[in-house]
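J.: Single-letter residue listing:
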Amino acid sequence: MKRDGLFGIAIALLAVAFVLVPSWILAAPLPLNPNGLPMAYAQKIFYFHVAVAWCAFLSVFVCAGGSVFQLAKRSPRGDAVAIAAAELVVVFGLCTLVTGPLWARKEWGVWWVWKDVRLVTMLILWITFLAYLFVRRYGGPGSEQLASGLALFGAVNVPIVYLSVFFWRTQHPQGKVVGSLDPAMRAPFWLSLAAFSILYGVLFFLRLHLERQRQRLAEAQLAAQDAGLVRW
Amino acid sequence: MKFVRSVLAITAKELRIELRTREVVVAMAFFAALVLLLFAFALVHEGRTAPDAAAGILWIVIALAGTLGLSRAFDREREGNPLAALLLAPIDRPAIYVGKLLAMLIFLALTELVTVPLVALLFDAPLLAHPIQLIALLALGSIGFAATGSLFAGALVRNRARHLLLGILLYPLVLPVLMAGVRGTQALLVLPEPDLLVLGTWTRILVLFDVAMVTLSLWVFEPLVVAE
Amino acid sequence: MKTLLCLLLSTGLALAEEWKSADLRPMMGPGEGFQSTTLVTAGYAFIWLLVLAFVTSVWLRSRRIDRELRALEESIADPSRVER
Chain P
294 MKRDGLFGIA IALLAVAFVL VPSWILAAPL PLNPNGLPMA YAQKIFYFHV AVAWCAFLSV
354 FVCAGGSVFQ LAKRSPRGDA VAIAAAELVV VFGLCTLVTG PLWARKEWGV WWVWKDVRLV
414 TMLILWITFL AYLFVRRYGG PGSEQLASGL ALFGAVNVPI VYLSVFFWRT QHPQGKVVGS
474 LDPAMRAPFW LSLAAFSILY GVLFFLRLHL ERQRQRLAEA QLAAQDAGLV RW
Chain Z
624 MKFVRSVLAI TAKELRIELR TREVVVAMAF FAALVLLLFA FALVHEGRTA PDAAAGILWI
684 VIALAGTLGL SRAFDREREG NPLAALLLAP IDRPAIYVGK LLAMLIFLAL TELVTVPLVA
744 LLFDAPLLAH PIQLIALLAL GSIGFAATGS LFAGALVRNR ARHLLLGILL YPLVLPVLMA
804 GVRGTQALLV LPEPDLLVLG TWTRILVLFD VAMVTLSLWV FEPLVVAE
Chain H
17 MKTLLCLLLS TGLALAEEWK SADLRPMMGP GEGFQSTTLV TAGYAFIWLL VLAFVTSVWL
77 RSRRIDRELR ALEESIADPS RVER
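Residue numbers (this note's numbering), protein chains in the order written: chain P, 294 to 525; chain Z, 624 to 851; chain H, 17 to 100.
If you are wondering where the hints come from, they were derived from the structure by calculation, not from laboratory data.
Incorrect hints may have been included.
[To be verified] Covered by chain P, per the in silico footprint, the following chain Z stretches (three or more residues, Cβ under 8 Å): (1) 766-779; (2) 783-792; (3) 795-806; (4) 838-847.
Beta carbons: idealized from backbone N, C-alpha and C, even for Gly.
Sequences are here, hints too, so could you generate the full structure?
T.: Below, the structure is given as structure tokens:
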């Protein structure tokens, strides 16, 4: 069955990534912090923090894209894409919001900085997509459109989050850190990014498949009811 | 020109209803005053509050009263379904949205007229020392709030769970606007002189959010509100 | 659309100019009392536990759909049965 095959691939990939990626990451050298000293070992969090954040942002755009199709064409496929991506924004967003403070505690001495625009906007983004799932769950008829509108507004937040690091001098490291990485850090960094992107893809298609099945089942139930094949 | 006339006609219609009933503005202002009193009970100790608290309180109260006003202003659209009639009228759909938005902005401005002096009084904040900057901040913040709010309140008109969902939909989306408003107002309250650099930055961010939100609202108003 | 982009850009540039001159705050000191290894392990474990929870939840929901599909098939085959 298609579903079992997808689950098999997912679990195999997870198993490989679980072992492979960390071993590369742990072997990479530690960069210097702004004071010129080598960063704490906790810097290793950077490799997967950036990767999960990337997945979360990617997912926001996937969700916004699906929402546009949902709003403009009432496309059920677009709707399925949007809801699958929204759930993954919540999953990867939570990963970002948890791994970030773990590193910050070591490097900055605090878990969270409320004045840091990037941290706060990421939190707002996460809450927006939590609200998206809430609306889908409790919104009743017509909640698809509402949720799509919410997703689009949420997606407007993302460029602002990303650019905020360049425009505001926040405590959060700047995006250009990636360009200035030590060559020995580069390979594991990109590998980690690739591994998490693949993981994202697999999870996304798993969830998308589920949503399409759910939509087809609902259609079949309605059709059977209309044809008088089933008594309810 | 036709667009402007349609917008003004809809705004005038909203204001006429409000003049006859006065329920939205009176309820908003009264509610805002009540919440302010609650904050005063909770936060003022021996005549003093935390130094930055007034800015946050002002914007929280505006958001809460604004949500109340949005709920009521759009609940009217359920009674006799005038929204459906408006949508049938031979005018641009975005004109309906802009007209509603302008009316909502006027309601918010009237509420702020009550709220700001009360905040200044209760929390001993020098809010009125720089009226032009404060008005600019309030106007920009209100536009961002009302733009998003009118869109989602309009989309929720036919929803059974609308009172529950309005807050859940609206607050995450207007949090950046409220945050910018709070930060700007805090910069304004710095003694002895307001921090104009920080104020300018947050004002620009508010402009950015306003433009983004109004543009997006104009785009999605039709598919979102004209559903079915 | 064009106006929006221009505004976005100009606002961005203006902000960049302003903040170059206004510094925010120095870096805080590094935290004590937390082993780096613990933090790294906790972060990594958290990600995988969450992913695992997500996959499990998808799998459970998928099984429920199978169950409902089977129920639908059965009630079509035997219309006297009342579903649910």
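J.: Determine for every hint whether it applies to the structure shown.
T.: Status of each hint after checking the structure:
1. 766-779: n = 5 at 8 Å, threshold three: holds.
2. 783-792: Result for this restraint: holds, n = 6.
3. 795-806: It holds, with 5 qualifying residues against the three required.
4. 838-847: holds (count 4)
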